[in-house]
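In the order they appear, the protein sequences are chains D and L.
Mapping of the first sequence onto the working numbering: position 281 corresponds to residue 281, and the numbering continues sequentially without gaps.
Mapping of the second sequence onto the working numbering: position 324 corresponds to residue 324, and the numbering continues sequentially without gaps.
Hints were generated in silico from the structure; no laboratory data involved.
Fair warning: there could be bad hints in the mix.
Because identical chains share one entry, a pair is satisfied inside a single copy or across any pair of copies.
Capping the alpha-carbon separation at 16 Å, the derived lysine to aspartate or glutamate pairs in EDC-like fashion look like this [claimed, not checked]:
no. : residue 1 : residue 2
1   : 391       : 61
2   : 133       : 230
3   : 147       : 44
4   : 343       : 136
5   : 38        : 160
6   : 68        : 230
7   : 313       : 201
8   : 383       : 431
2 protein chains.
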Amino acid sequence: MLKKIGILLMLLPFLVQSQTEDEKQLREIYTTSLTNGKSYSWLDYLSNQIGGRLSGSYNAERAVAYTKGQLDSLGLDKVWLQSVMVPKWTRGIKEFAYFETSPGETTNLDICALGGSVATPEGGLKAAVVEVKGIEDLASLGEEKIKGKIVFFNRPMQPDLIQTFEAYGGCVDQRYSGAAEAAKYGAVGVIVRSMNLRLDDYPHTGSMSYGDLPASQRIPAAAVSTNGAELLSTMLNLNKDTKLYFRQTCKVFPDAQSYNVIGEITGSEFPNEIITVGGHLDSWDLGDGSHDDGAGCVQSMEVLRLIKQTGYKPKRTIRVVLFMNEENGLRGGKKYAEVAKQKGENHVFALESDAGGFTPRGFSFDADDANFNQILSWQKLFKPYLIHYFKQGGSGADIGPLKGEGTVLAGLRPDSQRYFDHHHAANDTFEHVNKRELELGAATMTSLIYLIDKYGTVQTSKIKG
Amino acid sequence: MLKKIGILLMLLPFLVQSQTEDEKQLREIYTTSLTNGKSYSWLDYLSNQIGGRLSGSYNAERAVAYTKGQLDSLGLDKVWLQSVMVPKWTRGIKEFAYFETSPGETTNLDICALGGSVATPEGGLKAAVVEVKGIEDLASLGEEKIKGKIVFFNRPMQPDLIQTFEAYGGCVDQRYSGAAEAAKYGAVGVIVRSMNLRLDDYPHTGSMSYGDLPASQRIPAAAVSTNGAELLSTMLNLNKDTKLYFRQTCKVFPDAQSYNVIGEITGSEFPNEIITVGGHLDSWDLGDGSHDDGAGCVQSMEVLRLIKQTGYKPKRTIRVVLFMNEENGLRGGKKYAEVAKQKGENHVFALESDAGGFTPRGFSFDADDANFNQILSWQKLFKPYLIHYFKQGGSGADIGPLKGEGTVLAGLRPDSQRYFDHHHAANDTFEHVNKRELELGAATMTSLIYLIDKYGTVQTSKIKG
């Protein structure tokens, strides 16, 4: 016991020294990001000069070319494109919808097709409406009450959940599986309340799936704005015979060629130990994808730039990956993990930023207790930056396929209160991202990557220890 | 020792029980605020139906009448107006400014008069400009280089400070005392870079003082937008002879009659122990004062409403105070403390919300260690609501005069990153307040007030113990 204390005492000056060095490095990272950052001007270009960039679109390819060019200019050790085939779905011309309370008495509704939905018949689709609060309601209504109708999924996000992603998780099955489930009871279409905690006029798109439903049984699915959903529900209460009309011309094309954009600083000591940081480069098409996930892309690029800018020489390989196709396929994330496996790459850590460019609060981790405890020991380093949230469970969709074999995964957790005001909607635009908040996020990510690089994960230590 | 442990073990079920009750009460408070809150609709009225409400203006009196009416409707035990005389300053017609790089070659600048400034001469004021980075620079330049000129204070807020109020504190002397100091060296006017971390076109007003400078020596003072400040500085670098013109018609009137708006729930056990919660009802005139401090007013009103709504019967008297004239005189805060002292009222605790309606992060406290430690023991109750910031030092301007005699003071600390984008400017408007963020703040305040009421402060405990 005394011996151990003796060793600790001998180590103390070293530990204190090391601590001070970390404090300095974090201060340097934050200061550089806030006074001389690039993330905001990159996002400006991505959002305002390119805009929404759905997989397979020209804009997605413009985003690939732009971000590769920017990474090329950073003086990284390696920058490349990783080929990936992506689904291509197009929204078509502006969707249109109204409800009819009596013949000829119509009120327009703000809708948008859900990503992956089929079109309505060319002249649109008009039918009676049955409102439900979720997929669970379908069975009790049965085919008798659903057949030939449009099912209106109207369970709102739960407002009293503090973490809005939990409220999203509690509702999104209506959007993702509502059409497939309603079709089984003979519904002719579905309309889903937007995943939005605010009452406003923006319809929010997002991915949906028909599961294994044969093509002939697929029914069109659209989201309606929260104000529209409230109004439609009120009208249905006043008049059960209210009919809904909607028209959308969306279309699925053959898979398209696209790319993950990758750059790296090769590690000086352990080049084969890879630390990945990323966001997804594709976005929905309604807004310009500033929060989802332009922010995560430019923050991830900024991580590598800040490492170079602050003069830190990483021991391990730090890699930025801008994943293609998170929104409607996850092909980029799957491809990246597949190639990593083929090559036998050792991914020790991966961090994703895909929860908006808001003030960072901390991280969530897919990590075992030993790794999580190591990370917790760094918590005090983050305190001056008001980073306080460190929790096990959840990281990011694109890095998910890297899971297993001891890779520690993490997700940046920004303040989530306003995220779903903008998520997948036409108001996910540049002016809703605050420069400081974005830069604080980039610095917070860089700080964690720095600590992981310097101290390794518990697995890497074990390998060496 | 064993005895003590024995007592603790005996107390354990009680402590666990009590803990559960507090957890339940906080959950109830947050849920009620987020699902059935009034703060946002009150703010809508205050911002959009009334608007900016500078002390002594008709709008300030409309705000007094409106908020008193709303408090009357809550079924409180007592609602009243507390008379207070306030300074009355008016901005006059829209300010106008340009700089002239050569005769006739002019560029307009976005400026606004600082609160309390004198007018320019009727035809405006035109003079050469001397740029400084702060009051410290005046002495080294001396009268020779300042006399007859307009002093341009252009030290920006420091962007790498994480807490933006610190950056504000490091700059605001230029606004508050710049004119008084520059006048001593013979300056004819001052123009101050807006206290804003963003680069944009909004000039930010705010209070200034001439100190004990005789009326005849007072010089007009205006704020220029950050974009304007950058441009002017660039032009001065290119051409030292650049002249600045500005015109403003502001005016001081005799003090006006106004009011603090007060309501209370009388305590059931200790009615003479008063817990005050408040914000300030006056605002600057450029925007509608939504963040500063409409948010704090409606949150404070909501504290009392949530207490009643959740069925909690406070032991102590809970009082909401909407203070008049924080912005340019603090007369309301001073008057409230003065009357409290005259009446021998025992204020055990006071909380102010005056840092914007953003996501709450925690509180700062003007409290001794014993009280602060008691509050820290409640920290875990706040964890599910992501409230993590508990720090000694700083509370609120209006409650400041209550300091001393064992009153514990506290200030709500919301996320501060966007606050100075809007502070005292035309874009401090309702659409920049997020409903959930505002409601989370109200619930956080109510939770602290509940705990203080239930457990008392260390002083109150001592009195009873």
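Against the structure, the hints come out as follows:
1. 391 x 61: Result: close neither inside a copy nor across copies, 36 Å intra and 49 Å inter.
2. 133 x 230: Intra 13 Å, inter 54 Å, cutoff 16 Å: intra-copy only.
3. 147 x 44: So residue 147 and residue 44 fail the 16 Å test inside a copy (48 Å) and across (44 Å) alike.
4. 343 x 136: This pair counts as neither: shortest intra-copy Cα distance 45 Å, inter-copy 62 Å.
5. 38 x 160: between (37 Å within a copy, 15 Å between copies)
6. 68 x 230: For residue 68 and residue 230, neither the intra-copy (44 Å) nor the inter-copy (33 Å) Cα distance is at most 16 Å.
7. 313 x 201: Result: close neither inside a copy nor across copies, 49 Å intra and 40 Å inter.
8. 383 x 431: neither (29 Å within a copy, 31 Å between copies)
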